[in-house]
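J.: Respectively, the protein sequence lines represent chains A, B and C.
Numbering of the first sequence is given in my numbering, commencing with residue 1 and proceeding in unit increments.
Numbering of the second sequence is given in my numbering, commencing with residue 1 and proceeding in unit increments.
Numbering of the third sequence is given in my numbering, commencing with residue 1 and proceeding in unit increments.
Calculated directly from the structure, the hints in this document are not laboratory data.
Computed from a predicted structure; not experimentally measured.
Hints may contain errors.
Put simply, identical chains are the same to the list, so a pair is met inside one copy or across any two.
[To be verified] Calculated cross-link-like contacts (lysine-lysine; reagent style BS3-like; alpha-carbon spacing at most 25 angstroms):
id, residue 1, residue 2
1, K242, K90
2, K170, K226
3, K87, K226
4, K226, K158
5, K90, K226
6, K122, K32
7, K242, K122
8, K170, K90
9, K158, K90
10, K202, K158
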Amino acid sequence: MDRMKLVLQYFQTNSESISNGICIVLALVSVKLYTTFDFNCPCLPQYNKLYSMGVMIVPPIILFFLGVLVNRHTGIMMDEWVRPIGKRTKNPAVVKFLFSAMLQRSLLAPMVWILVTLMDGKIFICAFSMGVDPNTFTGMPNNTGLDVHRLMAKVPCKEDVIFRNSSFRKAVSRYVRCYSQAFGWSILLLLIMVGALGRLIKPCFDNRGSSMQTRYWSNYLDVEQKLFDETVALHTRDFARKCVVQFFEGVQEEENEREVLNLPYPQP
Amino acid sequence: MDRMKLVLQYFQTNSESISNGICIVLALVSVKLYTTFDFNCPCLPQYNKLYSMGVMIVPPIILFFLGVLVNRHTGIMMDEWVRPIGKRTKNPAVVKFLFSAMLQRSLLAPMVWILVTLMDGKIFICAFSMGVDPNTFTGMPNNTGLDVHRLMAKVPCKEDVIFRNSSFRKAVSRYVRCYSQAFGWSILLLLIMVGALGRLIKPCFDNRGSSMQTRYWSNYLDVEQKLFDETVALHTRDFARKCVVQFFEGVQEEENEREVLNLPYPQP
Amino acid sequence: MDRMKLVLQYFQTNSESISNGICIVLALVSVKLYTTFDFNCPCLPQYNKLYSMGVMIVPPIILFFLGVLVNRHTGIMMDEWVRPIGKRTKNPAVVKFLFSAMLQRSLLAPMVWILVTLMDGKIFICAFSMGVDPNTFTGMPNNTGLDVHRLMAKVPCKEDVIFRNSSFRKAVSRYVRCYSQAFGWSILLLLIMVGALGRLIKPCFDNRGSSMQTRYWSNYLDVEQKLFDETVALHTRDFARKCVVQFFEGVQEEENEREVLNLPYPQP
Chain A
1 MDRMKLVLQY
11 FQTNSESISN
21 GICIVLALVS
31 VKLYTTFDFN
41 CPCLPQYNKL
51 YSMGVMIVPP
61 IILFFLGVLV
71 NRHTGIMMDE
81 WVRPIGKRTK
91 NPAVVKFLFS
101 AMLQRSLLAP
111 MVWILVTLMD
121 GKIFICAFSM
131 GVDPNTFTGM
141 PNNTGLDVHR
151 LMAKVPCKED
161 VIFRNSSFRK
171 AVSRYVRCYS
181 QAFGWSILLL
191 LIMVGALGRL
201 IKPCFDNRGS
211 SMQTRYWSNY
221 LDVEQKLFDE
231 TVALHTRDFA
241 RKCVVQFFEG
251 VQEEENEREV
261 LNLPYPQP
Chain B
1 MDRMKLVLQY
11 FQTNSESISN
21 GICIVLALVS
31 VKLYTTFDFN
41 CPCLPQYNKL
51 YSMGVMIVPP
61 IILFFLGVLV
71 NRHTGIMMDE
81 WVRPIGKRTK
91 NPAVVKFLFS
101 AMLQRSLLAP
111 MVWILVTLMD
121 GKIFICAFSM
131 GVDPNTFTGM
141 PNNTGLDVHR
151 LMAKVPCKED
161 VIFRNSSFRK
171 AVSRYVRCYS
181 QAFGWSILLL
191 LIMVGALGRL
201 IKPCFDNRGS
211 SMQTRYWSNY
221 LDVEQKLFDE
231 TVALHTRDFA
241 RKCVVQFFEG
251 VQEEENEREV
261 LNLPYPQP
Chain C
1 MDRMKLVLQY
11 FQTNSESISN
21 GICIVLALVS
31 VKLYTTFDFN
41 CPCLPQYNKL
51 YSMGVMIVPP
61 IILFFLGVLV
71 NRHTGIMMDE
81 WVRPIGKRTK
91 NPAVVKFLFS
101 AMLQRSLLAP
111 MVWILVTLMD
121 GKIFICAFSM
131 GVDPNTFTGM
141 PNNTGLDVHR
151 LMAKVPCKED
161 VIFRNSSFRK
171 AVSRYVRCYS
181 QAFGWSILLL
191 LIMVGALGRL
201 IKPCFDNRGS
211 SMQTRYWSNY
221 LDVEQKLFDE
231 TVALHTRDFA
241 RKCVVQFFEG
251 VQEEENEREV
261 LNLPYPQP
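Model the full structure from these sequences, guided by the hints.
T.: The structure is reproduced here in structure tokens:
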């Protein structure tokens, strides 16, 4: 039972599970970020597409690098890669395994951001509202002094005075949003299918023994680092205790001999 | 198992994790401060830029110094730097390691402030609304007695009577805000990329052994200070108990001899 | 492990941390007080400045003395200062250390009050609205029978009939508020910089040994007081028990002899 507890504890503080936890937190953060971020379409023909592409591409890149930065596997992989060889030969399969583990986890949050933006559709409307043919929809306001191009660029701006309570604006938005959601579902479907098939097919091509060995070594590297830290904590504590006790004894002795300091001490 | 507990306890009360916690709290405080702070653009041509720059630059400096002030690493670093050498030689790598740890943590909160202000865009609108060419946008109010310069300076003031419900004001704000958000995302992208690449590349240039040694010593310095405080607490308690007991006995004796005080005491 | 618990308990009930807690509570109380306090500018030329200065200066003084009053360090410091010398010589460094600890903690709440009032700006508007040149702003109401001096004194009163929905009043308020916030940020910047630099530079000028000694003694004084209180509680309880038991025995004997009292007692 004690052995069980120890193992459970080790699984809890396992790098694998910590990394998974961090990934999930990052994914949730990306959703939260998207909902709190005040998306602000410029509604100007020449800026709409640029701004939308920026919001669609830059945050996923940021989230990806953030994932790389906070992932514990990154550190383990780099340590394994640059360590002096010593008596244990380097196994490139282990580095490859750690690298793919790092990559998979770092890609989760960016994917969530992209899917959330596509499902929500606001960015798609901002980017592609100019590409819609306005003749398909009825009720286009024509008493404004703007040309069609500039008018369609204003569709994403709900509060603009031209489109206040206009059913034309709503219809165009609905139409573009459909495409956006269709894209989102398709990407999600593709990803999940690739993942599931990859898991099903991969064992057929793997050498069973070497993959188990890789798993063993990646776990070993993780545990080694943790044990080093723990041993450092114990060793420093031991050493510091000796030094501090010596300092207090030193103070006591000095007093006994010369009574220079006014520091009293308990009589033994 | 006992040894494990001790280690776990030490990791929990580790300076590293406490410092990280303080940093995150400071970052959250900076977000909270920004949201509660009543940003108040003067809407006067000669003051707009000055005020905006002040709000953009001064609080991050304050947050940086606050980070330096509350960071436990600051104290440990200064103690290591100025201590008399004694029998343990000073290692400049340890001081450098502590300094970089302090700096990184202190820079988090200012960065969060700057990014939040850029994402929100209010300050950018206040600073750069005068630089926008008003002819790009339709619907500029022209029945006011103000020149263009003074008019554009009033764009950030929503409640001003000139721009009440004006779509011109909204269009200009949207335009400037786009730039602000683009700046914000770019800075974030740059920072994260530098951080991630730094983490990936740094181990390649480090001497593995010496970096582990530095980690050991920075941990030692932390533990030494804590143990000193603990030993002081134990030592003072021991000593104080002796003094207080002596005082009570002294009172008792005096009474026995001369019965001057009316303080009664229990008969043994 | 028992020793560890004892130490942990002592750190939890340490005077230092209790004092810090009280300070933070006082600071929060001062913010709460300011937000609930109904600031009420008289809007009369001769009273505006006086009232504002009062609100700006009197509460911080009250908060400072309140801080001195509730701070545990105050008591410890005074006890150390006035105690008879006995066998332990007085160390002025300890008194100085305790005094500076008390002062720092007592100054936190007043500073928070001053900064909050400056950031909010209402008091500044009340005090300095008369000093603004009204010609810089357009839309000054001129159909009122008041002179400029009396008119400007009415700027802080939002609900006054002269300035109802006036953009002139809002522009003047914004202008004065900018100065107020600039003052606030500058003071905060100065304080934090002095604090951070003080923490960085102070260890360079300190004699390492004597500062550790001071820390030891300030801790000792704290522990001594606590132990005295604990011993008094134990001692009085012991003595009181004896007296009460003696009384009951006396009652018992008297009752046995004369049965005057109806007081029952448990049979032994």
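J.: Within a copy, between copies, both or neither: which one fits K170 and K226 at a CA-CA cutoff of 25 angstroms?
T.: The answer is neither: 57 angstroms in one copy and 55 angstroms across copies each exceed 25 angstroms.
J.: State whether the alpha carbon distance between K87 and K226 is at most 25 angstroms within one copy, between copies, both, or neither.
T.: within (21 angstroms within a copy, 30 angstroms between copies)
J.: Under a CA distance limit of 25 angstroms, which applies to K202 and K158: within one copy, between copies, both, or neither?
T.: For K202 and K158, the Cα distance exceeds 25 angstroms both inside one copy (49 angstroms) and across copies (49 angstroms).
J.: For the identical chains here, do K242 and K90 meet the 25 angstroms Cα criterion within one copy, between copies, both, or neither?
T.: between (39 angstroms within a copy, 19 angstroms between copies)
J.: Could you place K170 and K90 in one of the four classes (within, between, both, neither) given a Cα distance threshold of 25 angstroms?
T.: Neither. Shortest intra-copy (61 angstroms) and inter-copy (61 angstroms) distances fail the 25 angstroms Cα cut-off.
J.: Using 25 angstroms as the alpha carbon limit, work out where K122 and K32 are close: within a copy, between copies, both or neither.
T.: Close inside one copy (16 angstroms) and across copies (21 angstroms); limit 25 angstroms.
J.: Tell me, please, which holds for K242 and K122 at an alpha-carbon limit of 25 angstroms: within, between, both or neither?
T.: neither (65 angstroms within a copy, 58 angstroms between copies)
J.: From the Cα coordinates, with 25 angstroms as the cut-off, is the pair K90 and K226 best called within, between, both, or neither?
T.: The answer is within: 20 angstroms in one copy meets 25 angstroms, while 27 angstroms across copies does not.
J.: Reference check for the pair K158 and K90, CA-CA at most 25 angstroms: within, between, both, or neither?
T.: neither (60 angstroms within a copy, 65 angstroms between copies)
J.: If the cutoff is 25 angstroms on CA atoms, where do K226 and K158 land: within, between, both or neither? Let me know, please.
T.: neither (54 angstroms within a copy, 56 angstroms between copies)
The structure does not agree with the numbered hints 2, 4, 7, 8, 9, 10 stated previously, though it agrees with the rest.
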